[in-house]
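Chemist: Sequence:
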Amino acid sequence: MRILLVILMLGIWGVYAQQKIELTNNGDTLTIQEGAILYIEGGIWNKTTGQIFNDGVIYTSDTVQNDAANGMFIDNYPTGTAIIGTVILNGAQQYIRGNAPIRFDSLLLRGTDKKILQQNAYVEVLLDLENKELATTTFQMIVTNPSPGAIIRQNGFVSSDLGGYLVRYTNSTNSYLFPVGASAPVFRYRPVEIIPQQATANQYAVRFANVDPTTEGWDRNQKASDVCLVNPDYYHQVKQVAGTSSATIRFTYDPTDPVKDGLAQWTTLWENRTSVANHLTATNQWELPNWNNFNTENFAFISQSVLALFDLTDSVYCLDPIAVPLTGATPAGGTFYVNGQPLPSDTIYLNNIGAGQHLIQYIYSSGGCSDTAEQYLIVKDYPQAQLTPAQDTFLCPGQTLTLSLSGVQPSWVIAWSTGDQTPSITVTQTGTYSVWIIDTTYAEACSTQLGPIQVLEGDSIYPTLSVDDSLLCEGDAALFTVQPQDSQWTYYWYKDGQLLQQGSVFQLQGNQAGTYYVAVQGPCYLETTAPISLILLSPPVADFVYTPDSINIADIVQFVFSGSANPQDPIRDYLWDFPQGVQLQGAQVQYQFNEAGTYPVLLTVISENGCQDTVLKYIEVINPFGLWIPNVFTPNADGLNDYFFPVFRGVQNITIQIYDRWGNLIWEGSGIDKWDGRTSWNSPCPEGVYVYVITAEQLNGKKIQRVGTVTLIR
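In the numbering used here, the protein residues as written are 35 to 748.
By construction, these hints were calculated from the structure, which means they are not laboratory data.
Be aware that one or more of the hints could be misleading.
Claimed, not checked - Derived BS3-like pairs: lysine-lysine, alpha-carbon spacing no greater than 25 Å straight-line: (1) LYS708 to LYS736; (2) LYS257 to LYS273; (3) LYS737 to LYS708.
Claimed, not checked - Now the in silico label distances, taken between C-beta atoms and shown as ranges: (4) THR249 to GLU408: 20 to 28 Å; (5) SER572 to THR549: 35 to 43 Å; (6) PRO664 to SER717: 16 to 24 Å; (7) SER572 to GLN617: 53 to 61 Å; (8) TYR652 to ASP707: 23 to 31 Å; (9) LEU674 to PRO634: 34 to 42 Å; (10) ASP530 to PRO444: 53 to 61 Å.
Computed from a predicted structure; not experimentally measured.
Ideal Cβ positions, reconstructed from N, Cα and C, are used throughout, including at glycine.
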């Protein structure tokens with residue numbers, strides 16, 4: 035029976051033993067013509083004598099099973115023309131299986147889960163992985179179209195178990211992508227590119243093994259001596275199925291992979307192929323160019339055994355502030371250490387590490403493999419010895435001088451400027467002397483020069499003592515200074531024959547009366563300075579009195595010194611400080627206060643030798659002003675209250691004016707005048723109320739005025 039299908043929406047349905055819905059071909063011929071679309075909500079089962087001619091598109095959501103030896107999907111019926119048919123797997127997890135291989139023109143992976151081979155399958159035009167995993171398990175997915183673009187993908191990949199492969203036919207020198215990877219135990223996508231070197235027919239098979247090679251029989255511990263570590267996470271299998279063309283093979287790694295620093299191939303053990311490979315860092319690939327060794331198919335990334343090396347310019351140095359470069363470090367990228375501490379660069383600064391024997395290491399580590407190169411650096415300190423005497427010294431008449439070294443080591447060579455080579459020499463002549471100490475331990479000779487020192491002719495030094503002031507006021511101190519000054523000599527300071535102090539003391543503060551002198555132990559003799567007597571003067575006593583005792587505004591006050599002075603040191607200056615910055619000099623001065631208040635007055639007395647004393651007193655100044663004016667008088671010649679006049683105190687320049695009720699000035703007088711009730715023209719004034727105007731001036735010059743009324747009664 036032959037079924038011709040132009041557009042079939044539901045299909046020919048059968049029921050499988052497990053009650054799965056599927057299209058079952060029980061031996062008929064099923065044709066899907068060009069332009070036709072077959073949707074199957076289930077799988078397809080092509081039985082032993084069935085034929086399916088697919089020139090259209092078949093969608094299936096479940097298992098595709100072929101038990102016929104014809105390849106299941108056959109195109110070109112009935113015209114014999116090359117029309118491409120497409121099968122789209124658009125279900126969840128789907129299987130491709132049967133008793134015979136299945137051939138697809140174009141196979142597109144869609145749906146929600148991976149697709150699994152349980153039988154070999156062929157794709158003759160296009161394999162579109164899209165975003166899906168195609169698990170070949172132990173079988174092969176064979177793409178017979180030799181076009182480099184016969185496999186396309188977005189994020190899809192092909193995974194395989196041991197025995198399974200992705201196989202591609204080639205006939206050009208273009209790059210063929212094998213998008214291999216795995217989703218378990220962890221996801222890894224590690225594609226391989228194969229570039230045939232001849233445009234002839236070849237077939238290549240690739241598998242990505244997402245396991246430790248040891249678990250599949252390729253023991254990682256069986257490795258060449260220059261292989262440090264074989265990748266424990268995965269390896270690749272690449273083989274040439276047909277053809278003889280050599281090919282360039284590119285293996286891709288991920289930058290986060292711990293082991294990826296080289297490439298090895300299994301023979302009877304893991305052989306290092308890194309020396310014939312190219313490292314394509316821009317694409318994270320190792321490349322075997324023009325490769326034809328397909329005797330074994332197993333390839334793995336490795337970490338190579340490394341031999342760390344570096345050059346040390348010299349192994350012995352003197353301790354100087356210099357930089358010692360560490361050169362020739364291989365492989366590049368390691369770290370230098372000094373005594374176990376990492377160096378920030380490839381330079382050692384000797385003044386930072388100091389003298390001693392230092393372990394210099396260069397440690398290189400990559401991909402879990404490391405090696406350490408070690409050298410010792412010896413930094414010699416310069417010889418440290420003490421020369422006695424250490425400074426210029428004197429040779430006394432008739433004597434000898436010994437110059438000696440202490441702290442001398444057996445390995446040192448000593449060379450005096452005199453030609454002597456002993457730790458000490460005896461000097462009998464003045465001159466300049468030096469000594470060199472040379473440490474000859476190891477190859478580097480480090481030398482130290484001590485000196486030069488001057489050996490001078492010793493003689494009397496004639497020391498002198500001076501003082502900045504020999505007459506002192508009590509509480510002051512004099513500064514004594516001795517000459518010459520030399521820290522090698524000993525100075526003995528005396529007062530009144532009693533030793534005050536000794537040593538390299540060149541000055542002394544003296545604050546007590548007495549006789550001072552210095553004895554100096556010079557280079558040859560103990561010599562004494564002339565004595566100096568220090569006299570302490572008692573200071574003057576400042577005090578003063580003033581008159582009058584009670585001071586009014588504008589009084590002329592007399593201030594008189596009333597203190598005392600040292601007869602041996604008379605007073606030279608009397609300095610008075612009054613208010614408002616007024617300063618006066620003299621034993622007796624005058625001052626006028628113009629305002630009432632309490633004022634400080636300071637007296638400083640200074641003696642001829644500068645001794646001084648001060649006294650401060652506060653002066654109280656009062657205002658004596660007072661003015662009383664009567665309000666009635668009776669000019670009746672009875673001798674009682676016959677006159678009008680003000681009673682005043684502390685005022686001056688008084689004027690009195692009397693006005694009648696019409697404002698006429700009728701009488702005027704001074705402070706000593708009294709109004710007798712008559713006008714200035716001697717006319718008696720009638721009884722009544724009169725206005726007075728009194729003006730005056732206080733003693734400090736302040737103007738005052740009083741206006742009021744007075745009643746005249748007769």
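Chemist: Each hint needs a verdict: does it hold in this structure or not?
Modeler: Hint by hint, here is what the structure shows:
no.: 1; hint: LYS708 to LYS736; verdict: holds (24 Å)
no.: 2; hint: LYS257 to LYS273; verdict: holds (21 Å)
no.: 3; hint: LYS737 to LYS708; verdict: holds (22 Å)
no.: 4; hint: THR249 to GLU408: 20 to 28 Å; verdict: violated (38 Å)
no.: 5; hint: SER572 to THR549: 35 to 43 Å; verdict: violated (20 Å)
no.: 6; hint: PRO664 to SER717: 16 to 24 Å; verdict: holds (22 Å)
no.: 7; hint: SER572 to GLN617: 53 to 61 Å; verdict: violated (26 Å)
no.: 8; hint: TYR652 to ASP707: 23 to 31 Å; verdict: violated (42 Å)
no.: 9; hint: LEU674 to PRO634: 34 to 42 Å; verdict: violated (52 Å)
no.: 10; hint: ASP530 to PRO444: 53 to 61 Å; verdict: holds (57 Å)
Checked against the numbered hints given earlier, this structure breaks hints 4, 5, 7, 8 and 9; the rest are met.
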